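> Using the sequences provided together with the hints, build the complete structure.
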Amino acid sequence: MEETSVPKFFMRDGALELSSTKELVHLEARDLSVYYGKRVGVGRVNLSLYRNRVTAFIGPSGCGKTTFLRSLNRMHDLTPNVRVQGQVLLDGSDIYGPGTDPIQIRRRIGMVFQKPTAFPTLSVYDNVVAGLKMVGLRDRKRLDEAAERSLQQAALWDEVKDRLRAPAAGLSGGQQQRLTIARALAVEPEILLMDEPTASLDPISTQAIEDLLGTLKQQVTIAIVTHNMQQAARISDYTAYFLNGELIEMDSTSKMFTKPNDKRTEAYITGRFG
Amino acid sequence: MQQTAPSHHRRSLAYSASGDRVFSVIIALLASGVLILAVLMAWELYSGGADPIRRFGLLGFLTGTEWDPVIKKQFGAWPYVLGTILTSIGALLLSFFPALGAAIYAAEYAPRPVAVVINYLLDLTAAVPSVIYGLWGIFIMAPFLRDHFYLPTYLWAANHAPGLLPFLGNPSGYGLLTAILILAAMVVPFTAALARDAIALVPAPQREAAYALGATRWEVMQMAVLPLSRTGIIAGAFLALGRALGETMAVTMVIGNSHKLPYTLFGGAATMPSVIANEFTEAVEPLHLESLIALGFYLFIVALVLNIVGGLIIRRQAALARGVL
Amino acid sequence: MNRDLNLRRRYWRDRLMLLLLGIGTVLALLVLFLVMGYALVNGVAALNWDFFTKDMKPPGETGGGLRQAIVGTIIVDGLGLLLALPIGIAAGSLLAEYPDHPLTPPIRTLADTLNGMPAILKGLVVFVLIVKPMGTFSGFAGAVALGFIMVPIITRATEGVLTLVPKEIREAGLALGLPRWRVILSLILPAARAGIVTGVILAFARAAGEAAPLLFTSFGNPFLTTDPLKPMDTLPLRLFQFAISPYADWHRQAWAAGLVLFALIVLASALARWATRRRL
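Residue numbers (this note's numbering), protein chains in the order written: chain A, 9 to 282; chain B, 7 to 331; chain C, 33 to 312.
Hints listed in this document are in silico derivations from the structure and should not be mistaken for laboratory results. Misleading hints may appear alongside valid ones.
In the DSBU-like style, the derived pairs of lysine-lysine whose C-alpha atoms are separated by at most 30 Å in a straight line are [unchecked claim]:
| hint | chain 1 | residue 1 | chain 2 | residue 2 |
| --- | --- | --- | --- | --- |
| 1 | B | Lys-79 | B | Lys-266 |
| 2 | B | Lys-78 | C | Lys-164 |
| 3 | C | Lys-199 | A | Lys-123 |
| 4 | B | Lys-79 | C | Lys-199 |
| 5 | A | Lys-141 | A | Lys-123 |
| 6 | A | Lys-123 | A | Lys-225 |
| 7 | A | Lys-225 | A | Lys-169 |
| 8 | B | Lys-266 | B | Lys-78 |
| 9 | A | Lys-267 | A | Lys-225 |
Remember, predicted model here, so these are calculated numbers, not experimental data.
Structure below.
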């Protein structure tokens, strides 16, 4: 882990210092590009996620924010024709470096998707401990503890504690999404990547998940892609604005939403916000 | 309608609402050919085989072990029913895991061009005519099995475990096991195709969710893919069983066509379709002919049940996968 | 560290499963490769010009060909296709274009059921319905049996393709004031032509390889005939009879027939693939 008083943050065309206090860099993308075949999905992004902070990625549809997010735990490995260039440093070491194991990377950097991806045929309990059982944890007591802790963290425990053995398919959409968050938390990741986790949810479930992020960041570093400007403003410490596959700028959320440096950011935020 | 097509005054009748009605009636009449064929099939098989079923009893016909068209004029279908059960279940068991393996490998592991080739070859396996399998079975497979497997096993048993001999039977190469093996190869594509469809129905986010947990490819299969495609895979097995039951030519060519019970592993046997194929054109007695049709009727019922159950499972599976999306 | 040990084990399991899946795939396709190889080698050795230009010789004599079976195959299969086409395409159109028609659900179910029925049963039914009343086996009866096999395949293929035709084409036609029958006949069916052709080719190929339903319908005939009311030879049928015969020269010709049939199937599936690709 490297400690910097001035976090590294570069624009494409030159260095730009971030107006923040002492922050710890947890994950850092250096010159990261993602190609779909020959087409550039994301071009030469430099960006850091800070420890125990929530960073929101905003921008119009197709701007590359999801593509970028998925490159942070090597999810692009699974799609043929997608190529990632550049570095992603997790505590200083490149997750794309030789000899690095994507499976271990994904255990350290969890992910929650837009639509709830609870495994419908498994029970609530088995969903939560799926990742733990996978690595060979069989100790009943420890599994039970992990399940309860994760469900508590995901603010779902009270709603499902009486039906842990029921299939997950019976839960509502909002509950299923929190279940997937609990499942991701159960393996104790350091970083949680969230791809529009509330996009398909009702306002009440959205509220529950937003509340969750405030407490979760005590334990994990969070990056969240969102379409919803107000949501970014409410929940994040930092905001990064993407446009046409480029990172336009990133700064503390309060600064981004009051006096952004770039005209394009301003246009987007004033257009979509307020 | 007439106003929108003013230049078609002469054909206005065809362009009016009644033109549509006439057309839909014509279509429906032609289409009901499907309906008529299905009903005719059920009815003709039933009525054609009604006499022996009445004479020997619905169950008696099925469980009677004596099939003697010449002297006793006694018709019991059990040897053929048993042969059909043994060959089709045996073939299903042998083919299930290779077929599933091929489907999973093509769907989840293989690079795209390889997957395309595998799927094409599986389709081709289903398209190759039964008689060609039979031809290969008679001249290549059966002699090979006889020389390199059946005879050595038989000789070994004769020396070391003579108690096994009655179970092994005549190692001529043409018999039960050969039929099971060739049938297994033939039903592979049916299991594989449905397994492939069922796996393809599993939504991509389910897979990604498992990967995001740090799963290996196989763990993704276990955790996300197989639980959701299980029912579809089972449906595929049902339909493959339906195919195996009715497969005629290749089985007839290699099974040895003996209805002498008890059946042995290597020795000759017979199935319901094989006896129909063998005896139908030689059946001179009406009762013999009707007994063969009655066999067809039972075959029809079993295939019907398997198809309906398989179809229902597939529809449930599709609905389940849609629900997850 | 415990975690790392486990990881190695998990990777080993992953690799082991991959190996097993690979073995399964090879096993699943092994017989196809063997059948293909032997059909090719033995078939090429057995095939000659006489095969196409001469009729079969009496038992025990060498030489001759299978012209009568080739001609019979063309007639029986062609006739079967003619019988099956209108029913299959109409039924497919009904299923796709008239989803609310009361006949649609039963026809869809029955088409699937018919498709899953053993081919030999279709021969039995045609025997009872046509051969018995006519008092003779005939090429026509064989054609009906093969048509029986083709109908459900054409039906489902047509339905599948028609449902892929963009809704806009349909709506554009209706918006022009064209009646529905005109829209179906002149817009939708032509738009789906390539796909329907694919389905028809596959149905034809499937039926062309069948021998079981012909055993007691077209029956077989060692002499050339073009009269569909007489018993008629087809390649699969003749292949079967030659293969179970005791004569070496007939065995040779059976391999030749096998190769020709095999080539026909491969050609048909290539054609079907080509037609599908052009559509996209």
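> Work down the list of hints and note, for each, if the structure agrees.
Status of each hint after checking the structure:
no. : hint                  : result
1   : B/Lys-79 - B/Lys-266  : holds (16 Å)
2   : B/Lys-78 - C/Lys-164  : holds (26 Å)
3   : C/Lys-199 - A/Lys-123 : holds (28 Å)
4   : B/Lys-79 - C/Lys-199  : violated (62 Å)
5   : A/Lys-141 - A/Lys-123 : holds (24 Å)
6   : A/Lys-123 - A/Lys-225 : holds (22 Å)
7   : A/Lys-225 - A/Lys-169 : holds (24 Å)
8   : B/Lys-266 - B/Lys-78  : holds (16 Å)
9   : A/Lys-267 - A/Lys-225 : holds (26 Å)
When the structure is compared with the earlier hints, a violation turns up for hint 4 alone.
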